[in-house]
Amino acid sequence: MSTTTTRDATRPAPAKVSKARPRRGLRGSTFNFWLFTGPFLLGLVIFVYIPIGWSAWLSFFEARYTVTPDKFVGFDNYKLMLTNGDFTGSLVTFTVFAAIIVPVTWALSLGLALMVHRLRFMKAFFRSVFFLPTACSFVAASLIWKMSIFSGVRFGMMNTVLSWFGVENIAWLANPNPPWYWLVIVTVRLWLQAGFYMILFLAALQNIPPELYEAAAIDGAKPGWQTFRYITLPQLRATSTAVILLLLVAAYQAFDEFFNLLAKSTWGRPPLVELYYTALGDDQDYGAGSAGAVILTLLICTVTLLQGRFMGFGRGEETK
Amino acid sequence: MTTTTEVREPVEAGAARKTRDPRKKRSRSVFSSAGLYFATAVCALLFLIPFYLIVRNALSTDAEITGENWKWFPTDIQWGNVTELFDDPTVPFAQSLWNSTVVGVLHTIGTLLVCSLAGYGLARIPYKHANKIFYAVLVTLMVPAAVTFVPSFVLVSSLGWVSSMQGLIVPGLFSGFTCFLFRQYFLGFPKELEEAARVDGLGYWGAYWRIVVPNSLNFFAAIATITFISGWNAFLWPLVIGQDQEAWTVQVALSSYMTNQTVNFHLIFMATAISILPLVLVFLFLQRWLVQGVAQTGIKG
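Same order as they appear, the protein sequences are chains A and B.
Oh and the first sequence: position 232 is 232 in the numbering used here, straight run, nothing missing.
Adding 1000 to a residue's 1-based position in the second sequence gives its number in the numbering used here.
Chain B extracted, bound-state conformation:
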């Protein structure tokens, strides 16, 4: 007797809890959940159309793209378009890919180094003017970098850095926003770890490199991913600085295709596909850090 009641009771309690939860009850209705999946799938298809068009056009011939009837897929997949693109002398696409890689990597490493150090200094090292200096950094957040491209160009051109790698990289390293994010992060870093390091005889510098950085790799990875993406996709500053073809980044090269006299659709879309590929890979493999980075940088922004 006692055993039966014991068994029955939890079942009843569980059933009551289930019906009380409104969200579970709602989503159990098969009809609304099918409708939800249908709507989501339609939206997803719409979002994927541009990717489909890139792939279709990149692997077709011009005749197929511009033909009388719409072709959903190329009859023969044109892998030759890749070599044709890199052999095309009018736009130095290979050079621009290389430039973008160098700029993206150095920009990311430099920004992380400079801004994380400054963020740590502002967050953790006591100094009587630290607050005033922090306000001086905050003020620059109010002026978006895009608005100051005219003055920045004036300065960089008088340094003789137009069409150069340092002109593309250096002015972008000193991001007040990234510094601010690092400061906020380090404010929340557990103090006990640093104190332990100090007991072991490490100064600020040693504690930073041996304790703080190795314990913050997730945050560094998140900021690095965001920084690399924005560096790779940047257009206005590379356009202003890249006056010679040798200094073009991928984005400037892509843009030049749109104003060219002759339009080779298959080459243009192959170039677009190749320019997007590295970031799509970043998205697929580093999504965890990316989502984390977006949630952190976006909300604070």
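Just chain A, same shape as in the assembly:
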């Protein structure tokens, strides 16, 4: 209702027309609203809301090999998941992973953006080069990393390069001690994602008014670190926050590269891989899997809400 009235008030149409239109428009608009949004909303209910509800229901039942269970077990599935060392361990794996990948990707993409931004010719070429890895899938990249770059055998690229310096072969992925596999996992995601976030930083860099730099120069700020620290970085704050949020959510959903690089090894399993083996592995334990999904969903909702708060605050401060 309120939307209609404001629309009519702002509409500068002749009085005669605007009197006739809202009545017909209103009646027709309910029909039209459902005509436009109906298919999407129906799909959203069937493929998003129902699965989530069904899963929440399954998580209270013993549901092995079946999705229509009849044995109610209360919170047993939740207890099982939370006392299961593998599941809690996967949360630790995620924490370690996020603690490395988020700052490193942030720094690299910002660095690339600063470099490309300052180029005067061949700018488009270098931007394309850094952006191109975004075209690759995690599966393809994992394959290159596992089969060629970080292959544990002699003809792997890293081992070849190391052999020129007389270093012995390193089993990058096959051995959790020392944990070289982290290097493989972090670099693959870094390579795939840095260009994407570089584009976001480049867009933000272009929006910084050049007058700020001129004013800083007049005030005696030295170009280089000082201008970067006191002008560029604060001006990029909104983008930085958004990038960190995106990186964190993406890290939480990491699956492809862990699944493909580490295959069935028992170390380095993030939450989604653990969930995959619980629900769709040999046990097909949909009850426990659903309980795990509910726990992960609640966790990520809390994080997103908290971050929305922080981002909201951040924006508020900047507009002041």
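What you were told as hints is all true, and nothing was included just to trick you.
Quick list of simulated restraints, FRET-style, between CB atoms: (1) A:Ala238 / B:Thr1075: 51 to 57 angstroms; (2) B:Thr1075 / A:Ile231: 51 to 57 angstroms; (3) A:Val153 / B:Ser1163: 32 to 38 angstroms; (4) B:Thr1075 / A:Ala99: 44 to 50 angstroms; (5) A:Val153 / B:Thr1075: 17 to 23 angstroms; (6) A:Ile231 / B:Glu1192: 38 to 44 angstroms; (7) A:Gly53 / B:Lys1128: 23 to 29 angstroms; (8) B:Val1102 / A:Glu168: 44 to 50 angstroms; (9) A:Gln206 / B:Thr1259: 42 to 48 angstroms; (10) B:Leu1141 / A:Ile231: 30 to 36 angstroms; (11) B:Gln1243 / A:Tyr230: 54 to 60 angstroms; (12) B:Gln1095 / A:Tyr230: 56 to 62 angstroms.
It is worth saying that the hints were derived from the structure and are not from the lab.
Remember, predicted model here, so these are calculated numbers, not experimental data.
Here a beta-carbon is modelled for each residue, glycine too, at the ideal position from N, C-alpha and C.
Knowing the structure of chain A, use the given hints to seat chain B on it.
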């Protein structure tokens, strides 16, 4: 006399302006600019190494890849690897390419259709519960699709859609995020155009198809490019759904190479090269829309 002063003045003003601009002054120093290009070029080389390895391995023989000494380039370029890959019976690679194409195209068309209509409805058609419905869409943004793959699988398997095309395509069509992007875009669409259409006697439906969509093709292209890329590269859902080989997408087929008993390096890398090729072409030819799409979807995300 007067002419000389007139000529001299602007030159001096221009020179003063030049020296005052700190960025220009800095980048004029040849030394720092050479260093900048050197650093950028080194980074670019590092970023290109994986592409080089794909091409090198895809066009070599296994003996060259696994040989004693590192070979930078194959002695003879092995184009025969392409036919060998498609004739290999262990992994249905041609079938998986076809599946990925069908899934990618239908997923993109379907998502654009369903989500743009809904986005327009939420942005422009007055309805008293529109706000509540919009919140119901926003809530789904907080739950990433990857986390709900267990419940989605439960539903899709009880519909009997495991290892089927509809199982691969349909559940992904109803993206709350894409709908949200379209709504934001349509909120900024100039109202005057639609009003003109309404004066001409078009209803919402007619105005949408004849005025709004033809004037939004850039935005549609940007979203389409992003949607196609994410559909082509998706792995978790196709892995869950593709239990039979006939329903594998390219990504699932690639993944299966890594767990195979026998490893044929040249075939694996030829498969990787072919799987990446369509997207590299998309990147090279549609980069304008892509960058626009990333800037739009990324910042709002």
